[in-house]
Amino acid sequence: MARTAPRERLAQEETVGVRPPRPSTARARGLIGPALTLGAVVLGVAAPWLVSDYWVDVAVFWGIYALLGLSLNLIVGEVGLFNMGHTAFFAIGAYATVILNQAWGLSLWLLIPVAGFLAAAAGYGLSRPIIHLRGDYLLIATIGLNEILRVALLNNPRGLTGGPNGVILLDQFRLFGYGLDRPERFYYLVWGAVGLVVWGLLRLQRSRIGRAWNCVREDEVAAEAMGIDVRQAKLLAFVLGAGLAGAAGTLFAAKMVVVSPDSFTFMEAVILFAIVILGGMGSIPGVLVGSAAMMVLPELLRNFAQYRMLFFGAAMVVMMIFRPQGLWPSRRWKAQLAGEREP
Amino acid sequence: MTLFVEQLANGLTVGAVYALVALGYTMVYGVMKLINFAHGELFMLGAYLGFTVLVSTALGGALPAGAALLVIILLAMGGVALLGLTVERVAYRPLQRANRLTAVVSALGVSIFLQNSAMLLWGPRYRAYPGWAVPDVRWSVAGVHVGLMQVLILAVALVLMLGLYYVIQRTFLGAAIRATAIDHDTARLMGINVDRIIQLIFVIGPALGAAAGVLLGLYYRQIHFTMGWSYGLKAFTAAIMGGIGNIPGAMVGGLLLGTLEMLGAGYLSAAWKDAFVFAILILLLIVRPTGLLGERVAEKV
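Protein sequence lines, in the order shown, are assigned to chains A and B. Letter by letter, the first sequence follows residues 1 to 343 in the working numbering. Letter by letter, the second sequence follows residues 1001 to 1301 in the working numbering.
Don't take each hint at face value.
[What the hints assert, rightly or not] Computed from the model, here is a short list of chain A residues facing chain B with C-beta under 10 Å:
hint, residue
1, HIS132
2, ILE140
3, TYR307
4, MET316
[Unchecked claim] So the derived label-pair ranges between C-beta atoms look like this:
hint, chain 1, residue 1, chain 2, residue 2, range
5, B, LEU1292, A, ALA35, 52 to 62 Å
6, A, SER207, B, ILE1182, 41 to 51 Å
7, B, ARG1125, A, ASP229, 49 to 59 Å
8, A, ARG203, B, ILE1286, 29 to 39 Å
9, A, ASP229, B, VAL1287, 17 to 27 Å
10, B, ALA1142, A, PRO157, 34 to 44 Å
Hint data in this document are derived by calculation from the structure and do not stem from the laboratory. No residue lacks a Cβ here, since even glycine has one placed at the ideal position from N, Cα and C.
So here's chain A without its partners, still in its complex pose (with noise of 0.2 Å):
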């Protein structure tokens, strides 16, 4: 190429850069996507016969815990509400799942849908009074939030929660007659669930709410004067992600069999929080790989046992200051975080 003049090579970059590639190069790069995912597919429905059931079962928490970032990621990263107390729902979610069973005999699949519900309704009713606290008043009110109900459910209201022991589900799911509590069948459950929830999601993201969330969560005050209806959308997105977290709730009773206050404590909050923010925060595949680096590395690390914590925790500092935008960070996000921290 001859020698040209800055402004014109620029001028011709511009025109090259709108000018679409050749047909046959878009058409393979727009089938890389697609590809890819039609491989983890097939790689995931594989999966089970492929590993050991300790493995499997590891998937399953994995893909439990997956559920739970997305539940998570509609409230901190779509709308960017500080919240760590979301185990709270996820064990209302459980509770319900386990008292209902034992009282009505409720079976397991209709529990999915009422345990979501009550969840979603305490997240309303919880939320409601300090969904207008900001950042860092938000994270403090949610934790103690989390705290009260952790206390609650250890001192055993009514004999209804079991108090430290927690409370044994004597219930599993069951398909034409099959029994789900097989480790390879849960899997495909969880996964099931995990693929639909993804799928309901990437949807929501691209609607006029999941727009409006990303409004609010980048400028409040603009996303006030275009109309948007910001407390709504809060409340919203906080139901939501807690409807979602108590259904999940009722997968976790299922394959735990017994739900104690040890499943619920500030940590697990923390590491909810931490796959969103360590994904990518508003990123659905970004919680995906975010839940695999909490849940799957940990169990890699087995072998260091007492030393694993310590490399958990180091890795999270050293992931913050190498990769602070998140191991997979969503395209829409990138703008917040190239701006100067919020005072």
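Please arrange chain B on chain A, whose structure you already have, making use of the hints.
Just chain B now, with coordinates in the frame of chain A:
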């Protein structure tokens, strides 16, 4: 009435410890707008350092009890201050310009790291503080029991808090800290070395936290590697109650939280006292989000 006075005395004792820890949270928040989730762990490590010095040295024989106590507290403060500096250098300095939540997750990472370090170093079981450092003297005044340890904790906490208050309000260094808290860039223009001030904050806060850790260990006689989470969270609550970033607020908030907690434990239920504390916090946040002493600032959203 006796119960009330006794619970009040217990509450003020624990509250003084909360206040010392809360000061570390509030100072870091005031200057860096960062919740230093690792602060509770530094407090816990202070308790463990004090424990190690207590059990491993010959201080008991060589020095009178009071002097030994002073030496132990100072050693723990120094050790934890060094650790605080290291944490700032490793986990926070590289993130000064980063997104807010990034720093929060980094802080949580440090917290997990320190907690597990303590577990590996000192074992997962509860460790018992030896009792010889403070003689178990108790007075009974009109049917109310008060221990020497309680008086001592309040005295040490008071001296430290007054000292800090003096430094912040009356000295040039304090003025520099206050200026940095208001605006980093302007402070820099005035010739203040902002990085130094941040380092200083990470020396003072952890040192006070370490002193609180030793005092709490002596008071309850039991320490555990997870105590940083629970006490840290409560101390942070105290800082928020008083108005985060506000130093007198942290002192008032700590004493108030301790008192409310103990009165709640005495009159309502000991098992529910933690829930009680957080319920008060949430109510306070709803009514007055900036805390009791925090001023209403027109904040940029």
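Results for each hint:
1. HIS132: OK, holds: HIS132/A within 10 Å of chain B, min 8 Å.
2. ILE140: holds (6 Å)
3. TYR307: holds (7 Å)
4. MET316: holds (3 Å)
5. LEU1292/B to ALA35/A: 52 to 62 Å: holds (60 Å)
6. SER207/A to ILE1182/B: 41 to 51 Å: holds (42 Å)
7. ARG1125/B to ASP229/A: 49 to 59 Å: holds (54 Å)
8. ARG203/A to ILE1286/B: 29 to 39 Å: Roughly 35 Å apart at Cβ, these two residues keep to the hinted range, so it holds.
9. ASP229/A to VAL1287/B: 17 to 27 Å: Given about 24 Å between the Cβ atoms, the range holds.
10. ALA1142/B to PRO157/A: 34 to 44 Å: About 38 Å separates the Cβ atoms of ALA1142/B and PRO157/A, which means 34 to 44 Å holds.
Checked against the numbered hints above, the structure violates none of them.
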